[in-house]
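**Q** Chains A and B, in that order, are what the protein sequence lines are. Take the position in the first sequence, starting the count at 1, then add 15; the result is the number in our numbering. Take the position in the second sequence, starting the count at 1, then add 15; the result is the number in our numbering.
Hints were generated in silico from the structure; no laboratory data involved. You may find that some hints are simply not true.
Identical copies look the same in the list; a pair holds intra-copy or inter-copy alike.
Heads up, simulated DSS-like pairs for lysine-lysine below, C-alpha to C-alpha not over 30 Å straight-line [to be verified]:
1) Lys91 / Lys106
2) Lys153 / Lys127
3) Lys153 / Lys43
4) Lys122 / Lys43
5) Lys153 / Lys123
6) Lys159 / Lys91
Quick caveat: nothing in here was measured; it's all calculated off a predicted structure.
2 protein chains.
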Amino acid sequence: MEIRIRRAQRSDLSEVIRLVRELAIYEKAEHEMWSTLEQYELAFDEKRISCDVAMVENEIVGCTVYYDTFSTWKGKMLYLEDFIVSESYRKYGIGQKLYDAFIEEAKKRDCKLVRWEVLDWNEPALRFYEKQGAIIEKDWWKAKVVF
Amino acid sequence: MEIRIRRAQRSDLSEVIRLVRELAIYEKAEHEMWSTLEQYELAFDEKRISCDVAMVENEIVGCTVYYDTFSTWKGKMLYLEDFIVSESYRKYGIGQKLYDAFIEEAKKRDCKLVRWEVLDWNEPALRFYEKQGAIIEKDWWKAKVVF
Numbered sequence: 016m017e018i019r020i021r022r023a024q025r026s027d028l029s030e031v032i033r034l035v036r037e038l039a040i041y042e043k044a045e046h047e048m049w050s051t052l053e054q055y056e057l058a059f060d061e062k063r064i065s066c067d068v069a070m071v072e073n074e075i076v077g078c079t080v081y082y083d084t085f086s087t088w089k090g091k092m093l094y095l096e097d098f099i100v101s102e103s104y105r106k107y108g109i110g111q112k113l114y115d116a117f118i119e120e121a122k123k124r125d126c127k128l129v130r131w132e133v134l135d136w137n138e139p140a141l142r143f144y145e146k147q148g149a150i151i152e153k154d155w156w157k158a159k160v161v162f
Numbered sequence: 016m017e018i019r020i021r022r023a024q025r026s027d028l029s030e031v032i033r034l035v036r037e038l039a040i041y042e043k044a045e046h047e048m049w050s051t052l053e054q055y056e057l058a059f060d061e062k063r064i065s066c067d068v069a070m071v072e073n074e075i076v077g078c079t080v081y082y083d084t085f086s087t088w089k090g091k092m093l094y095l096e097d098f099i100v101s102e103s104y105r106k107y108g109i110g111q112k113l114y115d116a117f118i119e120e121a122k123k124r125d126c127k128l129v130r131w132e133v134l135d136w137n138e139p140a141l142r143f144y145e146k147q148g149a150i151i152e153k154d155w156w157k158a159k160v161v162f
């Protein structure tokens, strides 16, 4: 299987949102997903998000969505907002290639660290991140207000 | 006590970093704080962070640090990276004024939600956030790689 990672173009965003929805369903949270393609396009146009996509033949089967942020403790940070490999394409090393491209991009942007979040019951994801040498912190809770 | 909230200027950043260090010590994590004033100034100049400061007379006694991000589920999001009231100035309503200014700014920027994180043992912070009607999520872990 030939896997190719490339930077997403604006016209790929409808496929990216399809993958985000697929993961939201896996995370039992589709009802929490209210975003629209127009919001993605606006964020993309304003350079508020970057995306990479994984291609198998001509199909998009995985993606990452990330953006620059700032850690008051460490400095410039790249935040991995979403990281998806479509279910039927798992176990072929696609996630590893996407992850490696993300880390490479963080170094290129002179970031001091990268961060993301993982659901405490998502065992396959946790095993993958531990294999990458990521530090998992369990003593923070997330807070939010939705308007 | 007269409390005034205003947008931080570049020259306030050394006071902001002093407050961030004070909170890092409270969170038992001063050794985790490696950032420099130069990094703050660069992020400020590049508009990657916004700060508000709370003034009592001519002293900066509290601050927020926040930035625009993007939720793949909800759309445009304002992320509260740090939120500090200097210990000897707590209980005077300064945190409430800073929080209100942050929420107002999020609405002005047309954000769909705001997010932040809180340590699971930080009871005063948790009580404050619950009083604001924030939703606390306990089933996510944080992951990071530091370069």
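**Q** Confirm or reject each hint.
**A** Right, here's what the structure says about each hint:
1. Lys91 / Lys106: Neither way: Lys91 and Lys106 sit 32 Å apart in one copy and 33 Å across, limit 30 Å.
2. Lys153 / Lys127: Both: 21 Å inside a chain and 27 Å across chains, each within 30 Å.
3. Lys153 / Lys43: both (21 Å within a copy, 15 Å between copies)
4. Lys122 / Lys43: between (33 Å within a copy, 28 Å between copies)
5. Lys153 / Lys123: This pair counts as within: shortest intra-copy Cα distance 29 Å, inter-copy 33 Å.
6. Lys159 / Lys91: Classified as both: same-chain Cα gap 23 Å, cross-chain 13 Å, threshold 30 Å.
Consistency note: the structure conflicts with earlier hint 1 alone.
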